[in-house]
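Peer 1: Top line first, the protein sequences correspond to chains Y and R.
Under this note's numbering, the final residue of the first sequence carries the number 255; numbering is consecutive throughout.
Under this note's numbering, the final residue of the second sequence carries the number 613; numbering is consecutive throughout.
Read the hints as simulated data drawn from the structure, not as lab findings.
Please read these numbers as outputs of a predicted model, since none were measured by experiment.
We put the CB at the ideal spot given by N, CA and C, even for glycine.
Hints are not guaranteed to be accurate.
Below 30 Å or equal to it, Euclidean Cα-Cα: the simulated DSSO-like pairs (lysine-lysine) are [stated by the list, open to error]:
#1 K349(R) <-> K93(Y)
#2 K128(Y) <-> K339(R)
#3 K339(R) <-> K132(Y)
#4 K339(R) <-> K349(R)
Cβ-Cβ distance ranges computed for the label pairs, FRET-style [said to hold, decoys possible]:
#5 K393(R) <-> K9(Y): 23 to 33 Å
#6 S58(Y) <-> V577(R): 52 to 62 Å
#7 S258(R) <-> S11(Y): 53 to 63 Å
#8 K93(Y) <-> M583(R): 13 to 23 Å
In case you want the letters, here they are:
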Amino acid sequence: MTALLVVDKLSKRFGGLQAVNEVSFSVQAGSIKALIGPNGAGKTTLFNLISGVITPDSGVINFCGSQVQGLRPHQVASRGMARTFQHIRLFPKMSVLENIMIGRHIHSRAGFVAGMLSIPYTWSEEKKIREKSQEILAFLNLESLADIEATTLSYGQQRNVELGRALACEPKLLLLDEPAAGLNMSETAELGALVSKIRDTGITVLIVEHDMTLVMEISDEILVLSYGKKIADDKPLAVQSNSEVINVYLGEDDA
Amino acid sequence: MSSKFLHIFGFAAAIVAIQIFTQLTDTSFHLTQLTMTAYYSLLVIGLCMLIGYAGQISLGHAGFFAIGGYISAFLTTHDLTVLKGKPFVASLSKLGVLVMSKDTYGTELLTFNPWPACILSVCTVLIIAYVIGGPVLKLKGHYLAMATLGFGIIIYRIVLGTSSLGSADGISGVPGFSLLPGVMIGGSGSGKILNYYVAWGILIAGMTCLLNLISSRVGRALSAIHGAEDAAEAMGIPTANYKLKVFVLSAGFAAIAGVLLTHYNGSIGPSEASVMKSVRYVAIVAIGGMTSLWGAISMSLILNYLSLRGSFGTYDDAVFGVILILIMLFAPDGLIRRQVLGDLKSFFTRSAGKGVAL
């Protein structure tokens, strides 16, 4: 197996808070890696660093063989990294299908001039965007919701649409930020199955999650952060029995 | 797709109907204001694209309009005869960019041809919009509003304070613009009806371009930026670049509107650059319903026409200010909402088709 994402000594400080402290890890292509840790451990900061939302103070992020630290989020995205957000960020006043179609942006090229003149090229491209988006909807069993305004759906459905939007990017690496937050047990189980299914299509997944049952079930490897530092990075069973992890994280958690 | 062309066709039919109506009722003097309305509407639809679809406010669009109009007016009226010997002017003359004409007193004038003057002024506006748009569009919400307002004020003070631009009097005696052989915008003896159709034809062409854009990949991306900028960026949309491009595009619409209206009127004055004009355009976009080009264009038609007919008397600017306040308070989605139009449409298509209950 080869590493799709290699993070080396990544650090980020916000004023007096060392949010991420020399964290190094790698994500193997075709695997699911979970990122866990108590609240405030720096998980979301690490996510934002990897996806280019914030720039690291130091360290290297190597994605698909090239360094991506310091790039803008859209540049990182166009290299094959798609993400979902901890708080769902769907596009309001747009249908489910249109939301998914945004995910096809990086795979199409019609610009302002082509768009205004509506040349035949834009029609054929638009048709391809639509077809691929419908495929994604079918994959997620969302076809019946295609024309509904996305932000009017139930929470669980919105989560799925956001996931679909990320999948429409056909990413090499999918970043999921607490996808099970706010879902009930059966929805969480469905999500787990779905994430595994996504991995089986060849997409590498990096997931931040609090639901330990889900994490233990689907992850190939687990990275544990505490106060911005890496304290474990191993297979699920090994992490479960790691005394430091039990101390800082599982020991404090009733789950 | 087909409904888009149906709308455009219906709109064009309405334009023809209005002309025929004025012909039959012998009120064709209304065509002058209607022609001017079309040019103002060109600016309004460009602004609607920026505000409604991309979610970026501009209180400086009268500035772009005025820059376009003033540059074209200056170039087509400024006499270059004394500079005739200079190599630069000579080479311009060789390129066919300059034209000889006589003013009312019979003095020979060497000025720019309207076509190159138009191209030059629109290009200048595009460059200015690009240069100021870069830093300014990093701002959001009221900060962006204030920055563009500042730009508008600067342009107003410049045209008002520059004597070669006529200061408070503006520039008059701007020649007609021969768009095509036999098609003259403004100027003496140009046809009222022809001008009416040229103006609305240009507006419909602009409208078609923008409607195409809205339903394209770029239009979707702009709506995405409006809705959730961080998510749009995460989906690979270069948000800063797109915002800049749509800003430049809308400035370009304002510039073309400014140039053509200046040639049509034969003059331009500093009031075209005033902040109240910018506020008026924003008010029209707001009342038309932000995300509806058709709403914006219909409100522009009604309000600009009434304003040009002098229906609001001396309270002209105040009326638009009041409209803006009322709309923001009571109907922030505008009077003509896509929702309402969509409901109407689905009502008719459903009752005609499957018969699904609403």
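Peer 1: Given the hint that K339(R) pairs with K349(R), test it: the Cα-Cα distance must not exceed 30 Å.
Peer 2: holds, 11 Å
Peer 1: Is K128(Y) within 30 Å of K339(R), Cα to Cα?
Peer 2: Violated - the C-alpha atoms of K339(R) and K128(Y) are around 58 Å apart, more than 30 Å.
Peer 1: Can you tell me whether the CB distance of K93(Y) to M583(R) sits inside 13 to 23 Å?
Peer 2: holds, 19 Å
Peer 1: Does the beta carbon distance between S258(R) and S11(Y) stay inside 53 to 63 Å, or does it fall outside?
Peer 2: holds, 55 Å
Peer 1: Honestly, do K393(R) and K9(Y) meet the 23 to 33 Å range at C-beta?
Peer 2: For K393(R) and K9(Y) the Cβ distance comes to about 31 Å; the hint holds.
Peer 1: Quick one, are K349(R) and K93(Y) close enough, alpha carbons at most 30 Å?
Peer 2: violated, 55 Å
Peer 1: With respect to the beta-carbon atoms only, verify the hint that S58(Y) and V577(R) lie 52 to 62 Å apart.
Peer 2: With Cβ atoms ~56 Å apart, the hint holds.
Peer 1: Verify the proposed pairing of K339(R) with K132(Y), using a straight-line Cα cut of 30 Å.
Peer 2: violated, 63 Å
Against the hints set out earlier in the document, violations occur for numbers 1, 2, 3.
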